[in-house]
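The lines below spell out each chain.
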Amino acid sequence: VAEQREGRLLDQDLMRSILSMLDMVGVDASNVYEEEFETPFLAETKTFYQNESQQFISENTCPDYMKKVEARLYEESLRGAHYLHPSTVPKLNFILETELIENHSKTLIEMENSGCEHMFKEDKHNDLLRMYKLFSKVPKALEELRDAMGEFIKKSGKDLVAQQEASGNKEPNTFVQGLLNLREKFAVICKKAFLGDSKAQKKVVGAFEEFVNVDGRSARYLAHFADDLLRSGLRGMGEEEADSQLEKIILIFRYLQDKDVFENYYKIQLSKRLLSGRSASDECERSMIAKLKGECGYQFTSKLEGMFTDIKMSRDAMDQYRKAGRSKIHGIEMEVNVLTAGYWPTQTVLPCVLPDPLGSCCSAFEGHYLDKHTGRKIAWQTHMGTADLKADFEGRKHELNVTTYQMCILMLYNGADVLSLGQIRDAVTIPEQELRRHLISLCTPKHKILKKASKGKGISEDDTFSFNAEYTSKLKRVKIPMVSAKEGTAAELNDGENKFALPSNVEEDRRHLIEASIVRIMKTRKLLGHNALVAEVSRQLSSRFFPQPQLIKKRIESLIEREYLERDEADRRSYRYLA
Amino acid sequence: PDSMNFHDFKAFYKFVFQFSREGSMKTIEKEIVAALLPMVIGPRSQHTELFVEFLLQSSGNDRVTFDQWNSFLEFSTSVHDLDEYSDEGAWPILLDEYVEWYKSNGKC
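Protein sequence lines correspond, in order, to chains A and B. Just so we're aligned, residue 1 is where the first sequence starts under this note's numbering, counting upward by one. Just so we're aligned, residue 1001 is where the second sequence starts under this note's numbering, counting upward by one.
It is possible that some hints are incorrect.
[Claimed, not checked] List time: in silico DMTMM-like cross-link candidates among lysine to aspartate or glutamate, alpha-carbon distance up to 25 Å:
| hint | chain 1 | residue 1 | chain 2 | residue 2 |
| --- | --- | --- | --- | --- |
| 1 | B | Lys-1014 | A | Glu-557 |
| 2 | B | Lys-1103 | A | Glu-557 |
| 3 | B | Lys-1026 | A | Asp-568 |
| 4 | B | Lys-1014 | A | Glu-434 |
| 5 | A | Lys-523 | B | Glu-1029 |
| 6 | B | Lys-1010 | A | Glu-561 |
| 7 | B | Lys-1026 | A | Glu-335 |
| 8 | A | Lys-554 | B | Glu-1074 |
| 9 | A | Lys-554 | B | Glu-1088 |
| 10 | B | Lys-1010 | A | Asp-568 |
| 11 | B | Lys-1010 | A | Glu-566 |
| 12 | B | Lys-1010 | A | Glu-557 |
| 13 | A | Lys-554 | B | Asp-1008 |
| 14 | B | Lys-1030 | A | Glu-566 |
| 15 | B | Lys-1026 | A | Glu-569 |
| 16 | A | Lys-526 | B | Glu-1074 |
| 17 | B | Lys-1010 | A | Glu-563 |
To be clear, the hints were calculated from the coordinates, so they are not data collected in a lab.
Sequences are here, hints too, so could you generate the full structure?
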């Protein structure tokens, strides 16, 4: 046989006869076939292939090695069919699989330039299919292959996230498209190369979930992608195309574990879109909410829907107000959006001082509204409004579209030409950081409505600002843009470490949700063990985020302190609900 | 306290906490707890000295709750092998931190 393996011809019929003869020559319990032939045959086979495979693998690329293995396996199967005793075949196969495949599986997978990494990268479906088929014979090797795929996906995914961060998240589309491409790539690999292997598919999903949930960055980039789409990307698209774009968001959204982080950003961006009227399409907005509802249930989207209702009701209310002829006071036309506090992202900011005529407008509206809705309280959100100002410059009159704060600052110049920082600060009572940001926006090179006395970018404490009568612009109506604050707030990026920390209101929400969940469960169960309680809380909140066991424990202790719960006297690992 | 049976001692131990509270404050300053523990529980717990040391040097645990106080007694009497201690159990986080400190400071 050794000779045949070396390639020399062998009279197979003769072999068959001899071997069957050996088999028949079995007296009593001694199996001559086995002793005389099979055992040495198998031993020699093992050695032969041990050597050959070592040599092959050191001299060949992964695909070439695999082809050789395929050939040898085929050869041996023929041998088995032609002249080996049937009982020998499985033993032979075992040796082949061990020596040719199992012992070298790792080497093959990790082989530089031709191993799995290369094959995945270059979509070498045929080679991967060959590997899959070969490795299927050895479950351990197959699992290694799946693991290698998982690792590749995780690494690619992490690279995508890192790249997006390095680019400052300027093009959210890059990130999402990158993820979708990766997803598609491996969907094809699973189908073509791994024949739809379900464990492989699970591995893919698991790998995605792992790198997507390393921290909240993926959630944030996804939210920005959604914002871009809903703001302008979907403009002019047909219904089907728009829908498939929105579907992309959902595909990635499904991998997110901390969905509440996504919701947090989505809510803030939605509120900006709604209040500035910058949605590409109302239908698309609704459609997106419906999709999110489908994924997470009513709870997730009820507040978002509330935001839409508020806008609609405000519009209706304004129509009425206008018809009653009450919206124009002192020559100022005012439009108000009344927002239900619980639905919108909250920010408690003290209102600034509004210029006189405007103050009366606000009071008039407030009176009108509170008459209709007694028992309610309204708080003016002066950090969110916009205004159109008519301004006379030396050259011509312009209409400036500005934020409320910008307006407050500019209106001061009706009474003076030059004002110091201190004077402005005292007059308008805007929070310091916002004050500075707005002042800068009014004296940029492109929009120099005011002239800043000091040179350089910053504002010094004794700086002064003078009205720039020489301002010109090609347009009659000019929007004075805001200078952007840093994209990520300090809370989100741990400087130096560059790690993503949860936005503070997400953290706060989680605390409340965990406590509510604990109380709800304990109220029903009355007495429950620690581990069971933690598991149940995790289960209840899983559609929104994954609560860390330590965090749950902290909330339990807090509830014990506040006498909602106590430890059971008999078993200190259990808790009892205190009515 | 040294000669009480366990049942009575436990009641006494709890009493000490309640007695030492200041008016309507539900928690006790850690410095006071650090002084109380050796007196009250003393040799009944092999952890008294070390726990006091841990408590005084730890940041963020400035006041001790009744639950934490009671749990220390429970801990002292029922946990004999710290290798078997798991921070995923029902022990208060303060004790999790103590065990971690204990282990990382080579006290084993």
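To see whether the hints hold, each was checked on the structure:
no.	hint	result
1	Lys-1014(B) to Glu-557(A)	18 Å, holds
2	Lys-1103(B) to Glu-557(A)	24 Å, holds
3	Lys-1026(B) to Asp-568(A)	20 Å, holds
4	Lys-1014(B) to Glu-434(A)	53 Å, violated
5	Lys-523(A) to Glu-1029(B)	32 Å, violated
6	Lys-1010(B) to Glu-561(A)	20 Å, holds
7	Lys-1026(B) to Glu-335(A)	52 Å, violated
8	Lys-554(A) to Glu-1074(B)	19 Å, holds
9	Lys-554(A) to Glu-1088(B)	12 Å, holds
10	Lys-1010(B) to Asp-568(A)	15 Å, holds
11	Lys-1010(B) to Glu-566(A)	17 Å, holds
12	Lys-1010(B) to Glu-557(A)	21 Å, holds
13	Lys-554(A) to Asp-1008(B)	30 Å, violated
14	Lys-1030(B) to Glu-566(A)	22 Å, holds
15	Lys-1026(B) to Glu-569(A)	20 Å, holds
16	Lys-526(A) to Glu-1074(B)	23 Å, holds
17	Lys-1010(B) to Glu-563(A)	21 Å, holds
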